[in-house]
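Going line by line, the protein sequences match chains A and B.
For the first sequence, the working numbering assigns the number 313 to the last residue and increments by one with no breaks.
For the second sequence, the working numbering assigns the number 309 to the last residue and increments by one with no breaks.
Bear in mind the hints are in silico, worked out from the structure with no lab data behind them.
Just so it is clear, the structure is predicted and the values come from calculations on it, not from any experiment.
Wrong hints could be hidden among the right ones.
As the list claims (entries may be wrong) - Computed spacing ranges between beta-carbons, pair by pair:
1) A:Trp300 / B:Gln198: 43 to 49 angstroms
2) B:Trp301 / A:Trp300: 32 to 38 angstroms
3) B:Ser82 / A:Arg82: 37 to 43 angstroms
4) A:Phe132 / B:Thr73: 35 to 41 angstroms
5) B:Ala31 / A:Trp74: 52 to 58 angstroms
6) B:Thr73 / A:Trp59: 30 to 36 angstroms
7) A:Pro217 / B:His78: 55 to 61 angstroms
8) B:Glu85 / A:Ser52: 32 to 38 angstroms
9) A:Glu87 / B:Val151: 40 to 46 angstroms
What the hints assert, rightly or not - Rough simulated footprint, nothing fancy, chain A against chain B, three-plus residues with beta-carbon under 8 angstroms:
10) 50 to 56
11) 71 to 85
12) 268 to 282
To be verified - Here's a subset of chain B near chain A, in silico, CB distances under 7 angstroms, partners left out:
13) Asn28
14) Tyr129
15) Leu149
Cβ coordinates follow ideal geometry from the N, Cα and C atoms, glycine included.
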Amino acid sequence: MVNATSSTDFHDSINQTSRFPNGFWAANKNALMTIAIWMIAASVSGLFLWILFDILTQGLPTVTWDFLTKAPRNAGREGGIGPIIISTIFVLGVAIAVSVPVGVGTAILLAEVTQAESVFASFVRRSLDVLAGVPSIVFGLFGNSFFCLYLGLGFSILSGGLTLACMVLPILIRATEEGIRSVPKEYRFGAAALGLSRSATLFRLVLPAAVPGIVVGLVLGIGRALAETAALIFTSGYVDRMPGSVFDSGRVLSVHIFDLSMNVAGGDRHAYGSALVLVMILFSINTIVTWIAHRWLQNRIITT
Amino acid sequence: MFPSNRDAFLSWTIYGCGVFSAAIVVLILGFLIKESAPTLYHLDILRFFTDPSWHPSSSPPEYNLLPLIVATLLTTLGAIVIAAPLGIGSAIFSHFYASRVVGRAYGKVIELLAGIPSVVYGLWGLTVLVPLVSQWQPPGASLFTAIVILSIMILPTIALFAGAAFESLPKEHLQAAEALGLSRSRIVISVVLPASRTGLFTAIILGTGRAVGETMAVLMVAGNVVQTPYSLFQPVRTITANIALEMAYAMGDHRGALFVCGLLLMGIVIVLVSVAEWVSRGRVYG
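Based on the provided sequences and hints, a complete structural model is requested.
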């Protein structure tokens, strides 16, 4: 299928060569462009290495076994991040427990049950597109107003986890839908020919075959949730004690980094230590996703 | 239970999940409106643009949002101007210039850059970039620093989506261009870029959305003084940073005004998503 506009552009631009008859630019255009593109790539890679180098050199001396397990002392300047890691795990746990069933259900709806052009499906899809673009601070406002005040959960791990569940839902749904769609049609034809019910087809055939997609979505969602700060400051709060239950306030890793670097003079060293821990977890998550996606999924999923 | 009953139950559950997922956006909008309505109701809306400044705790309180809006627009615009060429250039590099191995390694770098949390970018900006800029143009924490950090953050988004646009190009275009003996730069400039322009535009729109909504990194490096800047090196405060800074102690109308800020951000995002949708549907290549 050849697009009319792009082929005219194509001819126009061939004719354009005559606009630069003999200049330096015309003669060396190819070489200049190559240099420019390589320079962009070099500077972006350089920047990445610079940031990584700073995090590693300033974070590594801090990260010890004691740092990972002990409680913070003196507003985080001393001690470790033990309770903060536990709070982070609790918040993630709540977010996953809520978002996975709803997300998988919605993905089944979009991929298996409804037609792509049905009004309901396109409404769901449209609102998920908007949801994916909602800034995290707006999730923070919403979580504070709805979960903390309206539902009366207060500043708690539960409020934070539920806010994050709303936030990761679009990512989870998109990846799961992709996974379900990549299950071959023949599976469903075969099941229909054998007279299997719809639910049996779904639970015995389609979902097991779609597990890689679900896992990719889950891991991407965890990555997004771990990186989140703005949505959690006003929902799960600042308290850095060990949480007793999900109704306690708990400070997650990213909020800890923020607090140490902005509000605690002399907290930079431990902020970098926590940042190193967070970045290493996120990089391992990225590796897991890539591995699963390459191994099992034909379709590539963009990881932002 | 008979299979048909189970099917009916399943179908209801699944539709329930769909309704629930779709309802979240409505719920968010609803609660933003609910919290900002009293303020909007008894404060004149014009006050958000004509008050002398943003001093919500002085008496009488002042609620001018314009300096915040201007700061958000300037940081976003600056970030897009820097990150769009670099991001698209990155995608061109890994698809058309680098060898297979180098291209894949570079793609990994971009992915990892995308995965660094904003609070870590903020920490790095605060401890490395701000001192660096302040040696040159004090005080360091400024519109300029915010633009630099934001560009680094949205560059991977633009590069990833631009790469996806290049991947969806018909192979025939490239083969035809090769067969005509066009140079590498000619192929990229005259064939690849025009044919994938809708995808590139979508990439930039998505980058814009990310830049508008970014909170923590900007909050940490922009200096947070409410003012309309007349130089690149003055501190500014964006809409998002304003919410994050004041939400902790805001009461009454002040809190309402912060939810108005949230509503404003939500409006911007809905417009951007609709534009992206409209662009990618209107043409053949997305």
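Checked hints:
{"no.": "1", "hint": "A:Trp300 / B:Gln198: 43 to 49 angstroms", "verdict": "violated, 32 angstroms"}
{"no.": "2", "hint": "B:Trp301 / A:Trp300: 32 to 38 angstroms", "verdict": "holds, 37 angstroms"}
{"no.": "3", "hint": "B:Ser82 / A:Arg82: 37 to 43 angstroms", "verdict": "holds, 41 angstroms"}
{"no.": "4", "hint": "A:Phe132 / B:Thr73: 35 to 41 angstroms", "verdict": "holds, 39 angstroms"}
{"no.": "5", "hint": "B:Ala31 / A:Trp74: 52 to 58 angstroms", "verdict": "holds, 55 angstroms"}
{"no.": "6", "hint": "B:Thr73 / A:Trp59: 30 to 36 angstroms", "verdict": "violated, 45 angstroms"}
{"no.": "7", "hint": "A:Pro217 / B:His78: 55 to 61 angstroms", "verdict": "holds, 60 angstroms"}
{"no.": "8", "hint": "B:Glu85 / A:Ser52: 32 to 38 angstroms", "verdict": "violated, 43 angstroms"}
{"no.": "9", "hint": "A:Glu87 / B:Val151: 40 to 46 angstroms", "verdict": "violated, 24 angstroms"}
{"no.": "10", "hint": "50 to 56", "verdict": "holds (count 4)"}
{"no.": "11", "hint": "71 to 85", "verdict": "violated (count 0)"}
{"no.": "12", "hint": "268 to 282", "verdict": "holds (count 4)"}
{"no.": "13", "hint": "Asn28", "verdict": "violated, 10 angstroms"}
{"no.": "14", "hint": "Tyr129", "verdict": "holds, 6 angstroms"}
{"no.": "15", "hint": "Leu149", "verdict": "holds, 6 angstroms"}
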